[in-house]
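What follows is each chain in one-letter form.
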Amino acid sequence: MKANCEQLLDYFNGTLSNEERERFEAHLLSCEECREELKELEELTGDLPYLSMPEEPPAGMKERVLASVFESDTDETSHTTNEKGSVEQKNNVTNLQTERKSRQRKWIAPTLAAALFLSLTGNVYTFVSEGDGETTQPEEISSLIKAVQLQPSEAEASAGSAALMSEDGKMNLVVQVNDVAETKGDQVYQVWLLEGDKPYRAGYFTPNQDGKGEVAYEVEYEGEHDWDAVAITLEPDHTSETPKGKIVLSSGL
Amino acid sequence: MRELNDAELYGKVQAKDKEALSSLYDRYEKLLYSFSYRIVKDGGLAEEVLQEVFIKLWKGKAQYSEEKGKFSSWLLTMTRHTAIDLLRKQAKEPDYELDERDALHSDEASVEDQVEWKERGQVLRTAVSKLKGEQRKIIEMFYFKGMTHKRISEEFDLPLGTVKGRIRLALKHLKTSLSEKGGVSDESKL
Ligand SMILES: [Zn+2]
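Protein sequences, first through last, are from chains L and X.
Residue numbering for the first sequence follows this note's numbering, starting at 24 and increasing by one per position.
Residue numbering for the second sequence follows this note's numbering, starting at 875 and increasing by one per position.
Bound conformation, chain L alone:
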């Protein structure tokens, strides 16, 4: 039973084999929990296709697609051996690797942290991974205000970085740390922005098993602020309004 329920995500993504899929569909008939979870997934993701930016289809695509669709009828008899009946269609499109490359922005982020940076900014790319041939993105959707290395307190082995970025008039603070001690119970690592000696909450996180943690925080404090420093403390839970624990990592800004 349990093994079946665990296939829900793969069923939703259509990545089960035919046999597995049929078995899961049989399971669905008897498992109300899976039926409900599936329905919920469908509802929660129903809007996501509209996240796609409108792309202009390449010229002549309609003719090519419809031609191969109607051709697929006449091909039917001679290609019955093809597993999915679509292999023969491939030839029609192999030479269509169009020159759209310039429109797509594709990079492989070296680390999770870099991916997080990338997710927030276009032009910080050159900062996290300089010099592998990619150029800076043409549109600046955000800009890096300041990036600092976080220094560990005492003899701790942890390390980290923090970056302040401005995006569309908003300020984001992205913090990423390595090798921090694991948290217990409700404990969290709380990030603070300091103005003088007044601390402002700026996001919190719990590290994974490898001692890595990260958080992106939208800084929305009223009025003008001139941040002097960023610090991370270990707090009993995520509700501390002022630091209770000692500083683990910090840096001036």
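What the hints contain is simulated information worked out from the structure, not anything from laboratory work.
Don't take every hint at face value.
Pairwise CB distance ranges (calculated) [stated by the list, open to error]:
| hint | chain 1 | residue 1 | chain 2 | residue 2 | range |
| --- | --- | --- | --- | --- | --- |
| 1 | L | Leu51 | X | Ser946 | 31 to 37 Å |
| 2 | X | Lys1024 | L | Ala204 | 28 to 34 Å |
| 3 | X | Glu940 | L | Glu79 | 57 to 63 Å |
| 4 | L | Ser40 | X | Glu941 | 23 to 29 Å |
| 5 | L | Arg46 | X | Gln937 | 17 to 23 Å |
| 6 | X | Glu940 | L | Arg44 | 19 to 25 Å |
Quick partial rundown of chain L residues pointing at chain X, CB under 7 Å, derived from the structure [as the list claims (entries may be wrong)]:
| hint | residue |
| --- | --- |
| 7 | Pro72 |
| 8 | Pro77 |
| 9 | Val88 |
Glycine included, C-beta positions come from ideal geometry on N, C-alpha and C.
We have chain L; now place chain X with the ligand onto it with these hints.
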């Protein structure tokens, strides 16, 4: 003369009406192409996705019926599955690639006629930009890359049993953030 609705057109397609397929194609070309492109990130591959989708429609390999919900939702799901399948066949190692345009606030690339799409997209992008990086990433890997349950558990260093919960949480955050916006995302309209 009244325009045929999707289900009626689909019915005609089942009866091998080429005109009907052509009309359905016109109706969905741009949305399906853009969605496929969003998944496979390649124009040639996106075209291949559309080709397979319309072959499936034409040959009745994928069967729609009204109890499956809205035709457009069904078609989008079929497209997503086809795109993910093609992506897997490329045997491309899934990477940590996020589409930063998801969180783009400007409407630079979406000066389009599809007003509803544009509005929905903007509200969505704003909501996505409020998610934590980790949550965006899990949605990207799960929904847009079709990464398997097992791969997600490895990639995110999560026990198998907690993967589903993480995905639901990320999606729910997105939904909450959407409804705070005053909800263009009326589910009944999907
Ligand atoms: Zn179940």
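Do the hints match the structure? See the list:
| no. | hint | in the structure |
| --- | --- | --- |
| 1 | L/Leu51 with X/Ser946: 31 to 37 Å | 23 Å, violated |
| 2 | X/Lys1024 with L/Ala204: 28 to 34 Å | 29 Å, holds |
| 3 | X/Glu940 with L/Glu79: 57 to 63 Å | 33 Å, violated |
| 4 | L/Ser40 with X/Glu941: 23 to 29 Å | 25 Å, holds |
| 5 | L/Arg46 with X/Gln937: 17 to 23 Å | 19 Å, holds |
| 6 | X/Glu940 with L/Arg44: 19 to 25 Å | 22 Å, holds |
| 7 | Pro72 | 5 Å, holds |
| 8 | Pro77 | 5 Å, holds |
| 9 | Val88 | 5 Å, holds |
When held up to the earlier numbered hints, the structure conflicts with 1, 3 and fits the remainder.
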